[in-house]
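*Asks:* Sequence:
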Amino acid sequence: MNSTIYRGLVVHHRTGGVEHRFTHRLPWFLFDLEELENLRVGRLFTVNKPGIVSFYDEDHGAQDGTPYRQWLDHLLAQQGLRNLRYKVICMPRIFGYVFNPISIAYCYEHGDSQTLTAVLYEVHNTFGESYAYIQKYDGHDVPTTKRLHVSPFFSMSGHYEFSVTEPHHDLNVAIRYFDDEGSILFAGFKGTGIPFTKPNLVKTVVQAPLATLGITLDIHWQALRLWLKGLRIYHKPKQQEVQHG
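Take 5 as the starting number for the sequence shown in our numbering and just add one per residue.
These are calculated hints, taken from the structure and not from any lab test. Built from N, CA and C at the ideal position, the CB exists for glycine as well. Treat the hints with care, since some could be wrong.
To be verified - In silico EDC-like cross-links for lysine to aspartate or glutamate, where the CA-CA straight-line distance does not exceed 20 Å:
#1 K53 <-> E38
#2 K194 <-> E170
#3 K194 <-> D222
Stated by the list, open to error - Just the calculated beta-carbon pair ranges, DEER-fashion:
#4 T119 <-> R29: 30 to 36 Å
#5 T201 <-> F131: 20 to 26 Å
#6 P71 <-> L13: 20 to 26 Å
#7 D222 <-> G132: 29 to 35 Å
#8 D77 <-> R229: 27 to 33 Å
#9 E23 <-> Y238: 17 to 23 Å
#10 P71 <-> H28: 27 to 33 Å
#11 V146 <-> T201: 34 to 40 Å
#12 P203 <-> G100: 20 to 26 Å
#13 L13 <-> R229: 29 to 35 Å
#14 T19 <-> T130: 20 to 26 Å
#15 Q83 <-> Q226: 30 to 36 Å
Turn these sequences into a full structure, and let the hints guide you.
*Replies:* Listed below in structure tokens is the structure:
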């Protein structure tokens, strides 16, 4: 079984405008989409129906109930990549709630889960919008133009550099945001995996029952702290029709 629960630390460090840093501990889940149906554990873990922990297709991709894997297939086919197997880093719903600032889909050649061909970074904002950044995987960081308004304290200019390790026993994710003057934000996660089993899932829920709600609350708390520091507010532009690239 490939599906895993990662326990680790999120680091968020802003250096543009004012310096602002915070950390928090968080579980992050890796789902092999081909294993989803076999992961069901009564009401403890469900797929597309209510449960204590639940994975819903409508929380990802098109967000209209379209099967997530079907949406991924469509996007990756536009990049000339077909017949893929997906492992997705994301948060599931916990007690019915989830917000994923970012989900990461590792795209492997089907039948050979060792050959990673692309990585899709699906970024969400708190306005219900999302954008999928797709990068063919070669182990190098590639500058990617910012396409989605995420924070009211940053403009739409600049670019990202995404860096990830393949999800084995340890997981490292790093996102750097640059403007014309250099790096202005670093966000990262570093964690260690445990198998996706019933005992480990129960332990995770007991230790972090409000993990998903806490993400949203922390976003607004940090925004308040930045506002009190006097940072300029950038209003959200109208979201474009194109939501991936």
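*Asks:* All hints are to be evaluated individually against the structure, with a verdict given for each.
*Replies:* So, going through the hints one by one against the coordinates:
1. K53 <-> E38: This hinted pair holds, its Cα atoms lying about 18 Å apart.
2. K194 <-> E170: Holds: K194 and E170 sit about 12 Å apart, inside 20 Å.
3. K194 <-> D222: Satisfied, since the Cα-Cα distance of roughly 19 Å is no more than 20 Å.
4. T119 <-> R29: 30 to 36 Å: This hint holds: roughly 33 Å between Cβ atoms.
5. T201 <-> F131: 20 to 26 Å: At roughly 36 Å between Cβ atoms, F131 and T201 fall outside 20 to 26 Å, so the hint is violated.
6. P71 <-> L13: 20 to 26 Å: 33 Å, violated
7. D222 <-> G132: 29 to 35 Å: Violated, at about 19 Å.
8. D77 <-> R229: 27 to 33 Å: 41 Å, violated
9. E23 <-> Y238: 17 to 23 Å: Given about 19 Å between the Cβ atoms, the range holds.
10. P71 <-> H28: 27 to 33 Å: For P71 and H28 the Cβ distance comes to about 32 Å; the hint holds.
11. V146 <-> T201: 34 to 40 Å: 36 Å, holds
12. P203 <-> G100: 20 to 26 Å: With Cβ atoms ~23 Å apart, the hint holds.
13. L13 <-> R229: 29 to 35 Å: 19 Å, violated
14. T19 <-> T130: 20 to 26 Å: 23 Å, holds
15. Q83 <-> Q226: 30 to 36 Å: Given about 34 Å between the Cβ atoms, the range holds.
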